[in-house]
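Asker: Below are the chains, spelled out letter by letter.
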Amino acid sequence: MSAARLDRRDVVARILAERGDTLVVTGLGSTTWDAAAAGDHRNNFYLWGGMGGAAMVGLGLANAQPGRRVLVITGDGEMLMGLGALATIGTAAPANLAVAVVDNERYGETGMQETHTAHGVDLAAVAAGAGFAAAATLRTMDEVEAWIPRLLGGPGPLFAAVKVGIEPAPMALPLRDGAAIRARFRDAVLGGRAEE
Amino acid sequence: MNRDSSMEDWPDAVFGVLGEAGVRQVYYVPDNGHRRLIERCHADNAMLATRLTGEEEGVAALTGAWLGGDRGVLLMQSSGVGKCINMMGIVQECRVPLLMLVTMRGQWGEFNPWQVPMGRATAPVLEAAGVMVHAVDDAARVAETVRAAARLAFDAYRPVAVLIGQRVVGFKDWTR
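Line by line, the protein sequences give chains A and B.
For the first sequence, the numbering used here gives the first residue as 1, with consecutive numbering after it.
For the second sequence, the numbering used here gives the first residue as 1, with consecutive numbering after it.
A hint or two may mislead.
[Said to hold, decoys possible] Pair by pair, the computed Cβ-Cβ distance ranges are:
id: 1; chain 1: A; residue 1: Pro66; chain 2: B; residue 2: Arg36; range: 21 to 31 Å
id: 2; chain 1: B; residue 1: Ile85; chain 2: A; residue 2: Arg176; range: 20 to 30 Å
id: 3; chain 1: B; residue 1: Asn32; chain 2: A; residue 2: Ala172; range: 46 to 56 Å
id: 4; chain 1: B; residue 1: Asn112; chain 2: A; residue 2: Ala4; range: 50 to 60 Å
id: 5; chain 1: A; residue 1: Ala172; chain 2: B; residue 2: Tyr157; range: 28 to 38 Å
id: 6; chain 1: B; residue 1: Asp138; chain 2: A; residue 2: Gly154; range: 43 to 53 Å
id: 7; chain 1: B; residue 1: Ile85; chain 2: A; residue 2: Ala13; range: 30 to 40 Å
id: 8; chain 1: A; residue 1: Glu114; chain 2: B; residue 2: Trp114; range: 30 to 40 Å
id: 9; chain 1: A; residue 1: Thr140; chain 2: B; residue 2: Gly19; range: 47 to 57 Å
id: 10; chain 1: B; residue 1: Ala148; chain 2: A; residue 2: Ala183; range: 24 to 34 Å
id: 11; chain 1: A; residue 1: Gly49; chain 2: B; residue 2: Asp155; range: 19 to 29 Å
id: 12; chain 1: A; residue 1: Glu109; chain 2: B; residue 2: Trp114; range: 28 to 38 Å
Note that these hints are calculated values from the structure, not bench results.
Each residue gets a CB set at the ideal place from its N, CA and C atoms; glycine is no exception.
Could you build the full structure based on these sequences and the hints that come with them?
Answerer: Right under this line is the structure:
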């Protein structure tokens, strides 16, 4: 019997507790709720749609803001839907981008059907093969703790898949109006330039 | 404009328009019609050109670019448009400027029947997804069309696609 799996909310809250001025992009859908549960933040861009796009939103943002840290927090199903993004990011090699996949091996929003990661697909191996500077699968909080400084400051692109359990988490919904989310985020990042 | 008027020079004129519009991030899936423009973007130190594995990645990336204060452009062939449609939900809901330059297949002089269905669907599918479409079939008008589309995208915060006709891009000579 293997050790109990990590709780997704604990993992995301622990990572974000150290965020500083990191810019965070979350994916549809559970990781958007996880980030909201950890505390709303003006530097969060919550995706409520565009499944498969979170990592690429992160790349465009990292390219635009090379002096800032960008962390994408998304799910295994969302990452699998845009797997080509790992090849694109590995090739583009942004030093300020990290991707953390909260991997419960399930499609959490559609009935907890198993994803490919439940059947042997190793996302960290894909990221490593795509040329990420480092990639790992994390299973314990000690491993997560050891990776937090890398995710928030190590030379990227970095990738971590954090294996978590499937226990339901309390609902926590952030802002839902996309125009409001983007306006708030741009104001936080760009200040006076936000209205260009 | 004289500089827009040559059949061969339109990619250079478009490159100039992109620079004037302040485009910094360029995402593309390799395409023969955009070959020269892609080369120019790669060679320009003020631009960051990134190759994609699929066109839909570019819609998401340009959302991130604009969130971070950069303007960008997505270069693709019409066959890639179908892949982008779900991502249009992001740019519509968040009112993100999106400039797409699409070289057409499946129309003027096409020899590959498999290109025809997506070529015919390109404009209606984009419009159904809320993207404003400017089609241009005259090489002399490509640059001015891109200029207008860039204004609509970046100043009016809208998704806009310029469809560059196969008559402009040329068609493959299947006999050689």
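Asker: So, for every hint listed, does it hold in this structure?
Answerer: The hints, checked one at a time:
1. Evaluation of the 21 to 31 Å hint for proline 66(A) and arginine 36(B) yields a pass: the beta carbon distance comes to about 28 Å.
2. The hint said 20 to 30 Å for the Cβ distance between isoleucine 85(B) and arginine 176(A), and at roughly 22 Å that hint holds.
3. Distance hint for asparagine 32(B) and alanine 172(A): a CB-CB separation of about 49 Å, consistent with the stated range 46 to 56 Å.
4. Under the hint 50 to 60 Å, the C-beta atoms of asparagine 112(B) and alanine 4(A), about 56 Å apart, fit the expected range.
5. At roughly 30 Å, the beta-carbon separation of alanine 172(A) and tyrosine 157(B) lies within the given 28 to 38 Å, and the hint holds.
6. Separation of aspartate 138(B) from glycine 154(A) is about 51 Å and conforms to the stated range, judged on CB atoms against 43 to 53 Å.
7. Our hint of 30 to 40 Å for isoleucine 85(B) and alanine 13(A) holds, since their Cβ atoms are close to 35 Å apart.
8. In this structure, glutamate 114(A) and tryptophan 114(B) meet the distance hint of 30 to 40 Å, their C-beta atoms being roughly 35 Å apart.
9. Distance hint for threonine 140(A) and glycine 19(B): a CB-CB separation of about 51 Å, consistent with the stated range 47 to 57 Å.
10. Checked against the hint of 24 to 34 Å, the C-beta distance between alanine 148(B) and alanine 183(A) comes to roughly 26 Å, which is consistent with it.
11. For glycine 49(A) and aspartate 155(B), the Cβ-Cβ distance of about 25 Å falls inside the hinted range of 19 to 29 Å, so the restraint holds.
12. Judged by the Cβ atoms, the range 28 to 38 Å given for glutamate 109(A) and tryptophan 114(B) holds: they are separated by roughly 35 Å.
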